[in-house]
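Number of protein chains: 4
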Amino acid sequence: MIFFNSDYTEGAHPKVMDRLLETNLVQTDGYGEDPYCMRAREIIRRLCGNDTLDVHFLVGGTQTNLTVISAALRPHQGVLAAETGHVNVHEAGAIESCGHKVLAIPSADGKITAQQVEEAYKGHIEDDSFEHCVQPKMVYISNPTEMGTLYTRAELELLAGVCRKNGLYLYMDGARLGYGLSAAGNELDLKTIAGLCDVFYIGGTKVGALFGEAVVIANPGLKEDFRYIMKQKGALLAKGRLLGLQFQALLEDGLYFTIGKRANELADEIRNACRSAGYPFLVENTTNQVFAVMPDEKLEQLKEKYVFCYQQRIDDTHSAVRFCTSWATISENVRALADDISGKGE
Amino acid sequence: MIFFNSDYTEGAHPKVMDRLLETNLVQTDGYGEDPYCMRAREIIRRLCGNDTLDVHFLVGGTQTNLTVISAALRPHQGVLAAETGHVNVHEAGAIESCGHKVLAIPSADGKITAQQVEEAYKGHIEDDSFEHCVQPKMVYISNPTEMGTLYTRAELELLAGVCRKNGLYLYMDGARLGYGLSAAGNELDLKTIAGLCDVFYIGGTKVGALFGEAVVIANPGLKEDFRYIMKQKGALLAKGRLLGLQFQALLEDGLYFTIGKRANELADEIRNACRSAGYPFLVENTTNQVFAVMPDEKLEQLKEKYVFCYQQRIDDTHSAVRFCTSWATISENVRALADDISGKGE
Amino acid sequence: MIFFNSDYTEGAHPKVMDRLLETNLVQTDGYGEDPYCMRAREIIRRLCGNDTLDVHFLVGGTQTNLTVISAALRPHQGVLAAETGHVNVHEAGAIESCGHKVLAIPSADGKITAQQVEEAYKGHIEDDSFEHCVQPKMVYISNPTEMGTLYTRAELELLAGVCRKNGLYLYMDGARLGYGLSAAGNELDLKTIAGLCDVFYIGGTKVGALFGEAVVIANPGLKEDFRYIMKQKGALLAKGRLLGLQFQALLEDGLYFTIGKRANELADEIRNACRSAGYPFLVENTTNQVFAVMPDEKLEQLKEKYVFCYQQRIDDTHSAVRFCTSWATISENVRALADDISGKGE
Amino acid sequence: MIFFNSDYTEGAHPKVMDRLLETNLVQTDGYGEDPYCMRAREIIRRLCGNDTLDVHFLVGGTQTNLTVISAALRPHQGVLAAETGHVNVHEAGAIESCGHKVLAIPSADGKITAQQVEEAYKGHIEDDSFEHCVQPKMVYISNPTEMGTLYTRAELELLAGVCRKNGLYLYMDGARLGYGLSAAGNELDLKTIAGLCDVFYIGGTKVGALFGEAVVIANPGLKEDFRYIMKQKGALLAKGRLLGLQFQALLEDGLYFTIGKRANELADEIRNACRSAGYPFLVENTTNQVFAVMPDEKLEQLKEKYVFCYQQRIDDTHSAVRFCTSWATISENVRALADDISGKGE
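Chains as they are written, first to last, in the working numbering: chain A, -10 to 335; chain B, -10 to 335; chain C, -10 to 335; chain D, -10 to 335.
Hints are computed from structural coordinates only; laboratory data are not their basis.
Treat the hints with care, since some could be wrong.
Each pair may be met inside one copy or between any two copies, as identical chains are not told apart.
[Claimed, not checked] Using 27 Å as the maximum straight-line C-alpha spacing, the simulated DSS-like pairs for lysine-lysine come out as follows:
(1) Lys111 <-> Lys287
(2) Lys154 <-> Lys212
(3) Lys292 <-> Lys111
(4) Lys212 <-> Lys180
Please put together the full structure from these sequences, using the hints given.
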C-alpha cells in the first residue's frame, strides 16, 4: 500500500537524521538550553528579521497550541477560531482542558476574516450581559489552514489590524507553514508573519523533522515565564537539543522551503489528474493537501492500492477525500496515483 | 420604572421569608445535613415517586451546571447542548473552566432533538480519528428552554432513549421548571422527568426562592462523592438549612406550581397584547418569558416606563425583546404594560 | 443539645433579617448592580479609607478563595499558605481544581511569618531548576487564623513588605474578620488591612449574615475583569441585592464589630472555665474559637449536652476539641457549658 | 567540561539510532498504530508476563505523569506521594494544573511506606469533615526514587496490599526503571511490578532512548479511553513509530538492562571514591545517582572540570551534590572523576 493519508507517515529528512547522528554523543545541558537550540533560535530570529523574538521548541502541534493558549489567556478568556480549526475539532478538547472556550466562527475554506473577528468582538462588548459570556482575547488562525488554503498578505494585515485595535492576540498555527510559504500564490514570509502575529509557530513534524514545532513570540506581553508553562504542560523536552538540531538542519540553508515546494508540486500532479478526470475539489488550494470529490466507486478502486483520508460525504454516491504529499513523498508514487485517478493507470 | 427584565428582580415569596424568619434562631448542623434539608429531600423524592433519588441543594444555576457536569464527566468528555443553551453562552465559560467542551447543536427554538443527538454521537464514533475529538457523553437540555419552550413527553422519551442506547447522560436544567410544569400544554411532571433524566435540577432562584437549586440524581453512577465536588466548587452552602427551608416551603403544598401558573398567565396577558397589536414573536411559548418583535420606535416608548431585555436585532427598524413575569409580578403592572403594548395605554 | 461546633449554626442577625424582609418586594437589577450593593460598597470603601477600592460580594468562603486566586494567578503560579490554612486542607482541592498548587508552610499557630515567605521565595528563584517548580506568587493568610490567632500590626507590615519587595500578592481570608477586629489585643483595623493587603475579604457567613463575603481589591492589577471570573465560578449571585443588604445592615453602624466583641467575650467565659479547671489550650487566642485540651472522659460527659468539634488526639487519654461562639450564642448556654467544664455544673 | 549533571546529556544508544535510521523511510500510520509500536507492546507484555496489559508510548516523564493521573482520578481525588516525589516538586504544578492535589508524605530517602499510606487514608475517611478534604485515591511512587533508592519486594507488596484494601490505585514512575531493575540488591522485575501496580511506566528518556516512556496499565478500570486523554494532553506523538522503534530496540534483547547495569557500576566507582575520601552520602543507594556530601572547597575544585548538580546545603562548609551516570557515560571520565574525588587525581 502507498500512503497519502497524512504528511507524517515517514521519519525525518535524511539531513535531519545525519545531524542527529553526528551529534549523538556530544554532551549538552537539557531542556533547550544547549548550543544547538541557541543556534536554531538565532537562525529563526534572523529569518524573521527581529532579534528580540523569543523562540521555544516543543514536540507536537496540539501540545504547542495548548501551551501557547494557556500561557496567554486568563480563565474567562477564549480563542476565536474557524469552526474547522484544529483547536476546535481535532485536539480532544485540549484547549477546554486548559480552561478556555474555543469560540467557533463559520468558515467554508478554513479561513476567517477580519470582519468576522470584529463582529465577534463587538458582539461581545456590546452585549448587556457581556460578563456572563466568554471574553474573546485571542484569534487562532492556521496557515495553511486545515483545508490547505492560504491567507493573503492583505487578509493577514486586516486581521492583525482588528486584533491590535481591540486588544486581541493574533496566533498563527504553522503546522504546515513550510508548505504554505513555498506554495504557488503565497504572499507571506517569516518576516511578515513575525511582524503581524503576536505569536506563531513553525511546524517541523509535518515538514521534514522527526517531530518539533518552533514557537516564535513577538509580543513582549506573551514572553514572561513561558518555559514554566511548557514544563507544566509536559512540553519541555528533556533532550531539547533534538529540537534545536532539527530546526537548525531545516532552516539554516532553506531546506524547509525546498522540501515544501517539492511536496506542493507533487500535490499539483494529483490536482491536475483530478481536473483532467473532471473531479471537483471540496476546497481549492495550492499546498500539499488535495481535497478531491470523487464517486464512491472510484474511491473503492483507489483504496486497493492507496491509503488516503475520508473527509466527508457529499451526496449518495460521492465523497470528499484528502491526499497528502510531504517532503518524503516519492515521485513515482504520485505518478501512479495521478494515473489511477485520471484513468490512465487502467 | 417597572421591571420585566428578568424573573429575579425581587426577593422571595412571603411564605419562604416567613419560614426563614420562624427558624432563624434554631441551631442546626451545616452543609445541608440539617432536618430541613432532610425534609425537603423527602418531599422531592415523594413528588418524583422514587425514594432512591439523591437530592442536593446548591445556590445558583451556573454553579449547579458546572458542579453536575464536573462530577459526571471524565476529562475528554463533552456535553451536547443547544447553541442557545445557558451552558454554551451565558456562563462565562464555566463548563470549559472545569475542562469540558460544550458541543453546540443548532437550534431555533432552544430545543434539541433525539435525532440531532444520535447524529452527533454517531458522527463521533464513526469518525476515523474519534480519539482526536471530544467524546460526547452528556446531553444538556433546559426545560423550559432559554427561549421559554417546552419539551413534549414524546420528545423527552426519545431523547432519553437515544441517551440510554448510546451511554450518554441526560441532564435537564430546570432553572425555570416551575413555570414549565405549570404551563399551558405542558405534558411533563416531576415523576416523568425523574424517570427519564439521569440528573436534573428544580430551580428555586427564579421561582419563589431567594436563591437555590435542587439537584436530583437518578442514575446511581452519578451519585458517588457528589458532595466532595460541591465543596470543591464552592457550592456547599455553610448554612445549608436555608436551601432546605426554601424548597420545603415551595414544594410541600404545591406553592411552586401555583406561583408558576400565575406568572405564565400574566405572561399570557402580555402575549395577547402583542398579538392584538400585531407584533409577532421571535419564538412562541406558553411560559413566563415573552419574546416579542417590535418596532424600535415602539420599544423606545416602552423604555420610558419599563425595563426589559434586548434580545436581538431583527431588521433595520425592528428588534426582539424579552419580557419576564415571575411569582412576584404585580397584575396592575402587567395590565399597564399590556395596554401600552396594544396602544390602549395611550 | 446545645451547639458550639461552629459559628454558623443559626440564620442571621435579626437586623439582617429585618432588612431582607423590608426590601423583599422592591425591584432591582440582578448580579450585584443594585442600589443596596452600591451603598454597601460605599460603606466598605469609607471604613477602609480608600474610595478606589473594588468591592465584590460572593456567597461563601471557599467560593471566594477560589475566585480570588483564580483571578490573580497565571497557570504556573501557586499560593503560599500555612499548612493549616483553609485553602490547603478544607476546600476539597478547590484551588488545585482551578489549576494552582498550594505551597504549604509549617505553622503551629495558624500564622506564617515574613521570614518564611522570604525563604520560600528565595528558595524558588535561587533554585537552578526553578522553571520546573511552581512559582510562588501569592501569600494567603487568614485573620483570625483557623486556630483563632491574630496577626499583629508589625507582623502584617513585615508580610506586606516582603510581598511587595518580591512581587507577591498578599491576600487575607477574613472569614471571621469581625471576631478578629473586635478581639482583645487586636492591633488591626480595616484601614490598615486595606493598606497592606492586595486583596482581602470581610466574612459575613460566620459573623451575622445568612451568607456572604465581601471581597475588597486594593491592587489595581487584580481588579480587571473580576466579575467575569465570579460568573465563571458560579459566584455571581442572581439576586446580588441579598448580599448588599446584609453587608449594609452589618457595617453601616458597627453591628459587625459589636456582635464580634460579644462572641469573643462569651468565648472568654469558656476559656476561663478551662483555665480554672486546669485544661490547657492547643493554641491560645482571644477570638471566638476555643481550642481546649481535655481528658477523653470529660469530653464524653460534655457530649451528652453539647455539640462541639473534635480537633485532634493529644495522647492516649486526651484530645483537643473546639468550641465556637458566634453573634447568635445565648449567654445562658455559655454559662452552662462553663459550669460543666469547670465542674460547677455537677 | 565533563557532564555528570543528569542522565540525559547525550542522544540515544547507537542501536536505537540505527533502528531509527533503518526504518526512516518506511511508511506507517501515525499515533502509535504502526507495526513497530505493536511489536514493542508485545515485547513489554511478554516481559511482564501478562498479555492483557495495555501499553501506551508517550514522550516524557512529566507528560506521562500528568496523563496517567488525569485519566485515573475524578476532580476531588488526589495523589499521595513522597514530598520529594517528582510530581510534587519538579513538574511546575502539572498535576495541579490538571486539577488534582498532590498529598505530600514526609520521606527522608524518597520512599513512602504502606503504613504512611494507611494512615493517610484512614485519617481521611475518619475525619468528620472528610467531604471538605481531597480524597486520596492514588499512590505515586518512583522506583528508583528521586534519591536513587529502591523498593524491596516486601515493601512493594505491602504498598499494593494497602492500596487494594482501600481502593487506591498504585502507580509507579519508572523514569529510571532500567537502572533500578539492574541495580545491586534489586528484588523487583517487570513481572512483579506489573502484578502489584495498577499502572506504571518504563522510562526510556534516561535509559538509552532519545525520548519516550512506556505506560503499562494493568488495572482494567484505568484502560478506558486512555488515548483520548493522551491526545488531549498533547501526548499522542504524530510519528508514534519513533517510540515503538526505540522500545523495541531497548527491550527485545535486554539492552535496557545491560546499559542500566553498566551505569550503576560506573556510579559505584564514584561511590567508592567518595567512601575512600571519607565523604558521606546524603542518601545511600546502588543506582546511577550518587548523592555525595563534600566540603564546598572540594566542590569548587571539581567544578573546574565537571558539571554536576547542586542538591542542598548541609552546613556552613558542606553541600550535597548529585553525580549521574548513564548508558552513555564514558569509563575514562568516571575514572578521572573518581581520582579527582579521592585525591588521586591531584
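Exercise. Classify it for me, Lys111 with Lys287: is the Cα-Cα distance of at most 27 Å met within a copy, between copies, both or neither?
Key: Cα proximity of Lys111 and Lys287: across copies only (25 Å, versus 47 Å in one copy).
Quiz item: Is it within, between, both, or neither for Lys292 and Lys111, if the alpha carbons may be no more than 27 Å apart?
Solution: between (48 Å within a copy, 23 Å between copies)
Practice problem: First find the shortest C-alpha distance between Lys154 and Lys212 inside one copy, then the shortest across copies, and answer within, between, both or neither for a cut-off of 27 Å. | Solution: Classified as both; 21 Å inside a copy, 22 Å across copies.
Self-check item: Up to 27 Å CA-CA - Lys180 versus Lys212, copy category
Solution: within (19 Å within a copy, 37 Å between copies)
Checked against the numbered hints given earlier, this structure breaks none of them.
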